[in-house]
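> Sequence:
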Amino acid sequence: MTDDDGTVAIGEALAGIRVLPLPPGWTGLAAIVLVKCLNEAGHPAWAFRTTDGLSGEELLGALTVRTDMLRRDLLDSYEDGA
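For what it's worth, the numbering used here labels the leading residue of the sequence shown as 43, then goes sequentially.
Be careful, since some hints might not be right.
Each pair of labels, with its calculated beta carbon distance range [claimed, not checked]:
(1) Val50 - Tyr120: 34 to 42 Å
(2) Thr69 - Gly103: 13 to 21 Å
(3) Glu121 - Leu80: 34 to 42 Å
(4) Leu96 - Asp122: 20 to 28 Å
(5) Asn81 - Asp110: 27 to 35 Å
(6) Leu62 - Leu96: 38 to 46 Å
(7) Leu117 - Leu96: 25 to 33 Å
I should point out that these hints are in silico values taken from the structure, not numbers from a laboratory. Predicted model, so just to flag it, every value in this text is computed and none were measured. All C-beta atoms, glycine included, are put in the ideal place defined by N, C-alpha and C.
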């Protein structure tokens with residue numbers, strides 16, 4: 043079921059996809075979702091969605107920090123394997 047603005051509950055949009063829960067006592071306020079999908083032709087594609095409640099600055103900051111953390115982890119794993 044969609045809201046007046048065309049949005050749907052995240053569980054409805056991503057039915058069957060599971061994620062790790064938030065830490066105990068935390069309350070979700072907004073989300074950034076990058077979903078690997080199969081498009082209408084059956085080819086892999088990416089869909090990017092955000093919820094209300096995120097400013098452009100918050101979105102950029104969250105993605106930059108996550109990118110930097112992943113880059114560090116990948117570099118560490120490469121150097122450890124050398």
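> All the hints need checking, so say for each whether the structure fits it.
Structure-based check of all given hints:
1. At about 40 Å, the CB distance of Val50 to Tyr120 agrees with the hint of 34 to 42 Å.
2. For Thr69 and Gly103, the hinted distance range of 13 to 21 Å is satisfied, since their beta carbons lie about 20 Å from each other.
3. Restraint check, Glu121 to Leu80: a C-beta distance of roughly 35 Å satisfies the suggested window 34 to 42 Å.
4. Checked against the given bound of 20 to 28 Å, the beta carbons of Leu96 and Asp122, roughly 35 Å apart, lie outside it.
5. At about 30 Å, the CB distance of Asn81 to Asp110 agrees with the hint of 27 to 35 Å.
6. The supplied range of 38 to 46 Å is broken by Leu62 and Leu96, whose beta-carbon atoms lie about 20 Å from each other.
7. Checking the proposed 25 to 33 Å range against Leu117 and Leu96 shows it holds: the Cβ atoms sit about 28 Å from each other.
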